[in-house]
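**Q** Per our numbering, the very first residue in the sequence shown carries number 1; after that it's consecutive.
Be aware that one or more of the hints could be misleading.
Stated by the list, open to error - Distance ranges between label pairs, derived from CB positions:
| id | residue 1 | residue 2 | range |
| --- | --- | --- | --- |
| 1 | T649 | I23 | 47 to 53 Å |
| 2 | G660 | I23 | 30 to 36 Å |
| 3 | G10 | W485 | 27 to 33 Å |
Derived by calculation from the structure, the hints in this document are not laboratory data.
In this text, a Cβ means the ideal position worked out from N, Cα and C, and glycines have one as well.
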Amino acid sequence: AARAALEAAGAPAATPVDEPELIIYMPPEGGALRLAWKTRVRLALDTVLLTVIDAATGAVLTQYNEVTRANVQGSGTDLTGQKRTINVWEAGGTYYLVDTSKDMFDAAGSQPPEIAKTKGAFIVIDAHNRPPTNNPQQLESQSLTQITASSPTGPWLADGVGVSWALSAVYDFYKQRFNWTSYDNQGGTLTAVVRLGQNYQNAFMATDMKLMAFGDADAYATLDIIGHEFQHGITGSTARLVYRDQSGAINEAFSDIFGELIQDFATGATDWTSGTWAKDAGVKRSMKDPHAHTIQGVGPYPASMREYYRVDFDNGGVHINHTIISHAFYLLAEGLDQPIGKTEAGKIFFRALRYHMTQNAQFVDVRLACIAAAEEIWAADTATRDRMIAKIKEAFDQVEVFEAAATPKSPTPRKPVQGNDAIVFVAYDDWGYPYLQACENGSCQWLTQNPVRPSRPAVSGDGSLALFVNADYDLCLVPTDGNSWEECLGYGGTVASVAMSPDGTRFAFVLLDQSTLEPEDKITVLTCQADGSSCSDPQQYDLMAPVLDGGFAVDLVVQADALAFSGDGRFLFYDAYNVLALKDGSKVGAWSIYALDLATGRIFSVVPPAPGLDTGFPALARTTDHVMVFDAYDPLTDTSTVTIVDLETGKRHEVATVSGPGTPGFNGDDTLVFYTDNGTIYARALTAFTPTGDSTAQIQNAAFGVVFRRGAYTPPAAELSVAPQSVDFGETAVGSTGQKLVTLSNTGTA
Numbered sequence: 001a002a003r004a005a006l007e008a009a010g011a012p013a014a015t016p017v018d019e020p021e022l023i024i025y026m027p028p029e030g031g032a033l034r035l036a037w038k039t040r041v042r043l044a045l046d047t048v049l050l051t052v053i054d055a056a057t058g059a060v061l062t063q064y065n066e067v068t069r070a071n072v073q074g075s076g077t078d079l080t081g082q083k084r085t086i087n088v089w090e091a092g093g094t095y096y097l098v099d100t101s102k103d104m105f106d107a108a109g110s111q112p113p114e115i116a117k118t119k120g121a122f123i124v125i126d127a128h129n130r131p132p133t134n135n136p137q138q139l140e141s142q143s144l145t146q147i148t149a150s151s152p153t154g155p156w157l158a159d160g161v162g163v164s165w166a167l168s169a170v171y172d173f174y175k176q177r178f179n180w181t182s183y184d185n186q187g188g189t190l191t192a193v194v195r196l197g198q199n200y201q202n203a204f205m206a207t208d209m210k211l212m213a214f215g216d217a218d219a220y221a222t223l224d225i226i227g228h229e230f231q232h233g234i235t236g237s238t239a240r241l242v243y244r245d246q247s248g249a250i251n252e253a254f255s256d257i258f259g260e261l262i263q264d265f266a267t268g269a270t271d272w273t274s275g276t277w278a279k280d281a282g283v284k285r286s287m288k289d290p291h292a293h294t295i296q297g298v299g300p301y302p303a304s305m306r307e308y309y310r311v312d313f314d315n316g317g318v319h320i321n322h323t324i325i326s327h328a329f330y331l332l333a334e335g336l337d338q339p340i341g342k343t344e345a346g347k348i349f350f351r352a353l354r355y356h357m358t359q360n361a362q363f364v365d366v367r368l369a370c371i372a373a374a375e376e377i378w379a380a381d382t383a384t385r386d387r388m389i390a391k392i393k394e395a396f397d398q399v400e401v402f403e404a405a406a407t408p409k410s411p412t413p414r415k416p417v418q419g420n421d422a423i424v425f426v427a428y429d430d431w432g433y434p435y436l437q438a439c440e441n442g443s444c445q446w447l448t449q450n451p452v453r454p455s456r457p458a459v460s461g462d463g464s465l466a467l468f469v470n471a472d473y474d475l476c477l478v479p480t481d482g483n484s485w486e487e488c489l490g491y492g493g494t495v496a497s498v499a500m501s502p503d504g505t506r507f508a509f510v511l512l513d514q515s516t517l518e519p520e521d522k523i524t525v526l527t528c529q530a531d532g533s534s535c536s537d538p539q540q541y542d543l544m545a546p547v548l549d550g551g552f553a554v555d556l557v558v559q560a561d562a563l564a565f566s567g568d569g570r571f572l573f574y575d576a577y578n579v580l581a582l583k584d585g586s587k588v589g590a591w592s593i594y595a596l597d598l599a600t601g602r603i604f605s606v607v608p609p610a611p612g613l614d615t616g617f618p619a620l621a622r623t624t625d626h627v628m629v630f631d632a633y634d635p636l637t638d639t640s641t642v643t644i645v646d647l648e649t650g651k652r653h654e655v656a657t658v659s660g661p662g663t664p665g666f667n668g669d670d671t672l673v674f675y676t677d678n679g680t681i682y683a684r685a686l687t688a689f690t691p692t693g694d695s696t697a698q699i700q701n702a703a704f705g706v707v708f709r710r711g712a713y714t715p716p717a718a719e720l721s722v723a724p725q726s727v728d729f730g731e732t733a734v735g736s737t738g739q740k741l742v743t744l745s746n747t748g749t750a
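With the hints as extra help, turn the sequences into a complete structure.
**A** Structural data, given as structure tokens:
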């Protein structure tokens, strides 16, 4: 027991250990009582690890530091010159900008101040003005440090004080107003980086890494800007608005709106200006009077739809056109005759975002969502409900977001390949070596004569060809009918994982770094003619973690793994491992799922990790690209929850919890979901992507199954319809204006 306790603590053999004591252990989460050994590993005066070892298996049941360390109230001066009360963490006489004062803090499961071992806290770290550029593309691990002081009253770094105080106020605002906990409503830890770069004029939120960062060129680490970035995290946990065009502008508008409501909550007033404390007028935006500030090189911020800018930069104007929606909020809250007030307007907008908006929402959908929210909030008070709805309509009418039909949720589902389901998978021979095998029409056969890498193969949309990586890390192809063995390209030691677009014209690879033999933080894509007569030069994409507001993506990605194309081959979905490393060697990492738009090169976050869980092994549905199945992996228990998610609405369904990775996928018409558990491939029935009935075992001694159908594959295609076909304004006087509603609808399958 003593040796197991030392190993669990990573302590030298000479470390003092108390004499083990035999006890009956009751797990805090419930479950069966266990006969166990209790001991203490005495690492230091401030680190005594109480350890409980299972007497039968030798497994560590629990281990934590018994020495009391505490959240302490301190104070410091922020960037505005104000003295602020802050919560700091004391350990061994050193104080850290780690706030564990909120009820989301998991004391039993945490070891502050280490980021990776602290659950439910706000942690502020310093980049020390590195890297030395005003356009930082990465966080330099050798410069990132915890912010410390020898006293709870400092002296503290002013940037850190402002962020720590503001995050506390932001948390209290959402908790008190909406009963919302942290940015994700799951008590997620958030790390804030201050003094990033040199003269860096921005701030950003990287939701996948639970990270926000602030430049030093202006007062970015101040209340309304911090609230703005925090709201991006909430939007990413609710409507998950796509960060481009109108949906991206809505994302920005909600961040400005709630940044101002947070300022009002914490200080008792708002000036309706985002960037209140910034010296640079170019940072400021007015919700009350958008025309008061100008976009450099563009013109005044728009106040209504007639002033909407159609631009091919800034993701279609996300930081430009958002003032149309934020101005509508100002009008509703304070600007109309007999407005409804900031508190009531905030209730409406928050509920609209949380329950009634989806990722591709347009401006009209904000109007409709607010009306739906008001109907629910005041369902029992018809007079108040009707007044609120009338005011919502009045506010949106003034910014010319008029009544119209809601944006369609997704294209028409495409027809599946006609034929029977078959499956390609990794099977193990009698000596435990992995090979590729296929089962079709009741019979199974080996496809490869040489071992393969235990990883997911790719199969063409017509079911004729499988692409995979062999045991030598070479790229190989094999017909799925078993009539001939595999052909490999002779690039041994270079390929980690592969994907193929359903039409067989695009191929994606994660290559091995030849210096480390680990998968790269890049994806290589090859595009070929449909007849295979020629291919373009390979195009390589550097994988970055997308951020909101920063104007770039940040280099936190260490490697990519599983790949999957959309039905039309435009988007490549993949999982990637992100790591934030500090100068002291501590690290926090997470797997997330992303989508790479091969038409633009832009990367989007698709499924970020949940607290304590990694997400990976994405696979898209066969009849739509708006539904995905993936693994939510718990590294502590080595289990995965196979989960189906509607990427449009965010709605999820849990399929099964399995040992290790489930590497799931859909069958040919999305009526079944397949996954692996303990070396057996299972299937579970689906009705409209909702799991029904029990899972049934399909194939034993197998993993990484990919279902296919043999037959003609028709790629999805968009088809636009216009209604009405013509518009007649009649006789119109010179200088007059008029309006007619024209609806563009996508009746296609893409």
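**Q** If a hint holds in the structure, say so; if it doesn't, say that too.
**A** We went through each hint and held it up to the structure:
Between T649 and I23 the Cβ separation comes to about 49 Å, which falls inside the hinted range of 47 to 53 Å. A hinted range of 30 to 36 Å for the beta carbons of G660 and I23 is consistent with their spacing of about 31 Å. With their beta carbons about 47 Å apart, G10 and W485 fall outside the hinted range of 27 to 33 Å.
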